[in-house]
Amino acid sequence: MNIKRFRKELFSRSKLRAIIAIFVFLALWELGSRSNEWFGFTPPWIGHVPAPTAVLVAWYALLGDPGYWQSWYLSTLRVLAGFFAAMLIGIPLGLFMAVNKTFNGIVFPAFEILRPIPPLAWVPASIIFWPTQELSIAFVTFLGAFYTIVINVVGGAKSIDVRFFQSAQSMGSSQWDVFRRVVLPATLPSIVVGSAVGMGITWEVVVAAEMISGGGGESGSGGGLGFFIWNSYVGGSYEQIVVGMISIGIAGFICSELLRKLGSFFTPWLRKR
Amino acid sequence: MNDITQNQSTATPSSVNLKKVGEIKVTNVSKTYGAALFAKEVLKNCSFTIERNKLTVMIGPSGCGKSTLIRLLAGFEKPSSGTIEIDGKRITGPGRDRLVVFQESALFPWMTSHDNIMYGPKARGENTQKNRDQAEYLLEKVGLSAFREKYPPQLSGGMQRRAELARAMINNPDVMILDEPFRGLDCMSKELMWEYYSGLYEESRRTNFFVTTDIDEAIFLADRLLIMSNIPGQVRAAIEVDLPRPRRLAFVFDDDRAIAVKMEALAILHQEAMKSFSGGSKAAADFVEAYSKRSGGNGTAGSKEPA
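Line by line, the protein sequences are chains A and B.
At the far end of the first sequence sits residue 273, using the numbering used here, and the numbering has no gaps.
At the far end of the second sequence sits residue 580, using the numbering used here, and the numbering has no gaps.
Please note that a few of the clues may not be correct.
[Stated by the list, open to error] Pairs of lysine-lysine, PhoX-like flavour, derived with a Cα cap of 25 Å:
hint: 1; chain 1: A; residue 1: K261; chain 2: B; residue 2: K423
hint: 2; chain 1: B; residue 1: K292; chain 2: B; residue 2: K317
hint: 3; chain 1: A; residue 1: K101; chain 2: B; residue 2: K423
[Unchecked claim] Pairwise CB distance ranges (calculated):
hint: 4; chain 1: A; residue 1: K8; chain 2: B; residue 2: R567; range: 27 to 37 Å
hint: 5; chain 1: B; residue 1: P426; chain 2: A; residue 2: F11; range: 20 to 30 Å
hint: 6; chain 1: B; residue 1: E358; chain 2: A; residue 2: I117; range: 51 to 61 Å
hint: 7; chain 1: A; residue 1: R163; chain 2: B; residue 2: N301; range: 27 to 37 Å
hint: 8; chain 1: B; residue 1: K403; chain 2: A; residue 2: I254; range: 41 to 51 Å
[What the hints assert, rightly or not] Okay, the calculated bits of chain A under chain B, using three or more residues with CB under 8 Å as the criterion:
hint: 9; stretch: 168 to 181
hint: 10; stretch: 185 to 197
In short, the hints are calculated from the structure, not lab data.
Here the structure is a predicted model, which is why all the values come from computation and not from measurement.
Each residue gets a CB set at the ideal place from its N, CA and C atoms; glycine is no exception.
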């Protein structure tokens, strides 16, 4: 019980430390931004950034603005669309590449040539290829997650201990049974890791794609948090740029956290007892 | 520890459902890895029989080809020459009649103990009430009833080995092949495992082939002891271990017959170690030295004899 108490204290202390650290950071930021106003001296870099209080005021004003929430909605939708498409295609493809040597031999070279191309390099081409702007942005986000997921799935499935196959085989497992009850669950941790990393890349990509493709779509298309930031920049509203940046941070964090929870649900054997 | 004493009462050979199967005949088997200059002959003209419904233990110096032999018996690899037959049928690949329990745990980490044990029956579409009952019975028998919903990483090393024994037993194979299954366990859990395992064997009397490097383990468990030579491996000697069953730690190692068997086996192992020591093997040096100290300084190779 003593240890428990000690732990509790340590936990609260580390929490306290985190809160203090954030406040010190915000205070320094405030000081740097307001330095010109207060001391008549503009420090480099930080002196040009809007102060946190100003950002908060701008954010508060935006909370009632449906356009801001529309940006959230659009970006999230694109991320999810690209991400789920990447999972839907990437996981079976990766598994099949790992299991079938011939298939791997055919697909892998093309895959390896396409993989180093950054998703953003696809933006102009995908705008040409796809009929709508929505689809072309979703396609670019898809690419962001796709390669990571495939690579992780292939790696995970190929590194399965040969003894698992041998014992499954000697217990009378058919090939399909081995796939379903050995290969799939053994690859699951790699699928979770690949998805988590892929999700992070998806958010990076969607924002950049939105900035590039702009908000010029008809009937409410375009937009998104990336465009929101770019638009604020063009419009000279620097507080809103920071609001957009923090919004993306929060959105990415929520997605990763949900994915982690989901991953832990599907891999109960990896949890601490 | 209560369940061990319970085991004893139920450990009568149930000759009712005794499967009189699983005789394995190994005839002139050789196995060479690599080719030409780099060829390494691991087994050479190796011949022996694993008698049915007996627990045959094979013991030999490390690196003598025991694990190779197991892969051949299991059918994961094919011999370079010679034949291996089970009940007169040639072994050509892995089969349900022979089940291998591996050196390190091969339990599926993503399944609970219970699901691991039920893997085999489910794989063959035999998820019947009888098999489900059998799974519960085996869990109980290896002392894991309270751990049926735990995943392997949450079990101790000894529990994992026991779960693995149960997972093999439920498939009711003609032969169980065990490749140093208790290696790496501490001394106490190892002895506990011997009692659990011999209890399981005494109940089923199925054909068992058990490979080990531990002489005490070999004598405690064996009906018949096969001693391997150095590489390229052959069976040097076969000793009948006619100790009474059920065996219990409390008396087996005080038994005169057990001590005699142990001395006999050690003498043969010593000769083999001497041979490979003079052949330049450093691995054998420790054994030779230990043996010479035990037998009062007879070993010529023990350079550091106590003054």
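For the stretch 168 to 181 of chain A, do three or more residues have a beta carbon lying closer than 8 Å to a beta carbon of chain B?
Satisfied; 9 residues make the cut.
Do the Cβ positions of E358 of chain B and I117 of chain A conform to the proposed distance bound of 51 to 61 Å?
58 Å, holds
Do the Cβ positions of K403 of chain B and I254 of chain A conform to the proposed distance bound of 41 to 51 Å?
50 Å, holds
Holds or violated: the 27 to 37 Å window for the beta-carbon distance between R163 of chain A and N301 of chain B?
Holds, at about 29 Å.
With the threshold set at 25 Å, check whether the alpha-carbon distance from K261 of chain A to K423 of chain B stays at or below it.
20 Å, holds
Measuring from beta carbon to beta carbon, are K8 of chain A and R567 of chain B in 27 to 37 Å?
56 Å, violated
25 Å limit on alpha-carbon distance, applied to hinted pair K292 of chain B and K317 of chain B
32 Å, violated
Does the beta carbon distance between P426 of chain B and F11 of chain A stay inside 20 to 30 Å, or does it fall outside?
Holds, since P426 of chain B and F11 of chain A (Cβ atoms, about 25 Å apart) stay within the stated range.
Assess, step by step, whether the Cα of K101 of chain A is no farther than 25 Å from the Cα of K423 of chain B, and give holds or violated.
Outside the cut-off at roughly 36 Å; violated.
If you look at each residue in the stretch 185 to 197 of chain A, do at least three have a Cβ nearer than 8 Å to any Cβ of chain B?
Satisfied; 3 residues make the cut.
Figure legend: structure checked against the earlier numbered hints; hints not met, in rising order: 2, 3 and 4.
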